[in-house]
Every structure is written in C-alpha cells, then in structure tokens.
Amino acid sequence: MRIEATTVEEQTRQVLHNLNVVLSSKGLSLANVVKTTVFLKNFADFPRMNATYANIFGEHRPARSTVEVSRLPLDALVEIECIAELAN
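Residues 6 to 93 (the working numbering) make up the sequence shown, in order.
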C-alpha cells in the first residue's frame with residue numbers, strides 16, 4: 006500500500022487504471038462509468054488532472070463532481086470514485 010507516482014497526472018492515470026481493473030473483473034470498462042467524484046488535494050492541479058482524465062476517457066464523458074480535500078489516504082494528490090452501469 007504505497008503510491009509511487011509523484012505527479013497528479015501520473016496518479017490520475019494510475020487511479021483510472023485501477024478503476025478499470027476493478028470494472029473489468031465484472032466485464033465492464035470505463036465506458037460503463039456514468040458518474041465520477043474526483044477528490045483533489047490541491048484544486049490548482051485541476052487543469053493537469055482534467056487533461057489526463059479527458060485523455061483516458063476519450064469521447065465518453067460521464068457526469069463528474071470535483072472537490073478539494075485537505076488530505077487523502079497515503080498523502081495522495083488525487084482519488085477518484087465511480088459509479089458504473091451494469092447492463093442486463
């Protein structure tokens with residue numbers, strides 16, 4: 006349980022990769038995500054996080070909330086939670 010990435014871009018990529026791994030275990034992908042909540046340690050990092058986030062999601066644009074928080078586990082710069090739709 007440690008974070009090796011040191012920039013918000015690297016951490017955003019890793020978080021979304023981790024989410025994709027969890028989703029794929031249920032036969033889903035980031036394309037199934039309908040809502041995310043992004044927690045940023047510093048809102049000044051928003052433009053850099055947003056560019057990485059948009060690049061990974063591509064044309065898919067789930068609803069999103071972004072908030073600044075005082076501290077994240079393991080002193081992370083970014084944390085993302087998501088809600089995904091499981092098609093029947």
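Hints listed in this document are in silico derivations from the structure and should not be mistaken for laboratory results. Predicted model, so just to flag it, every value in this text is computed and none were measured. Be a bit skeptical, because a hint or two may be false.
No more than 16 Å apart at the CA atoms, straight line, and that leaves these computed lysine to aspartate or glutamate pairs for EDC-like [to be verified]:
| hint | residue 1 | residue 2 |
| --- | --- | --- |
| 1 | LYS31 | ASP80 |
| 2 | LYS46 | ASP80 |
| 3 | LYS40 | GLU90 |
| 4 | LYS46 | GLU90 |
| 5 | LYS46 | GLU64 |
| 6 | LYS40 | GLU64 |
| 7 | LYS40 | GLU86 |
| 8 | LYS40 | ASP80 |
| 9 | LYS46 | GLU15 |
| 10 | LYS46 | GLU84 |
| 11 | LYS46 | GLU86 |
Here is what the structure says about each hint:
1. Taking the CA atoms of LYS31 and ASP80, the gap is about 29 Å. The hint is violated against a cut of 16 Å.
2. The straight-line distance between the Cα atoms of LYS46 and ASP80 is roughly 8 Å, inside the 16 Å bound, and the hint therefore holds.
3. This hinted pair checks out: LYS40 and GLU90 have alpha carbons roughly 9 Å apart, not beyond 16 Å.
4. Taken as a hint, the LYS46 and GLU90 pair is broken in the structure, with Cα atoms around 28 Å apart against an allowance of 16 Å.
5. Pair hint LYS46 plus GLU64 does not hold up; C-alpha atoms about 26 Å apart against a cutoff of 16 Å.
6. Note on LYS40 and GLU64: the hinted pairing holds, with a Cα-Cα distance of about 15 Å set against a maximum of 16 Å.
7. As the CA atoms of LYS40 and GLU86 are separated by approximately 8 Å, the hinted pair is consistent with the 16 Å bound.
8. For a cut-off of 16 Å, the pair hint linking LYS40 to ASP80 is broken: about 24 Å separates their Cα positions.
9. For a cut-off of 16 Å, the pair hint linking LYS46 to GLU15 stands: about 14 Å separates their Cα positions.
10. For the given pair, LYS46 sits about 9 Å from GLU84 by alpha-carbon distance, which is consistent with the 16 Å threshold.
11. Between LYS46 and GLU86 the alpha-carbon distance is near 15 Å, which keeps this suggested pair within the 16 Å criterion.
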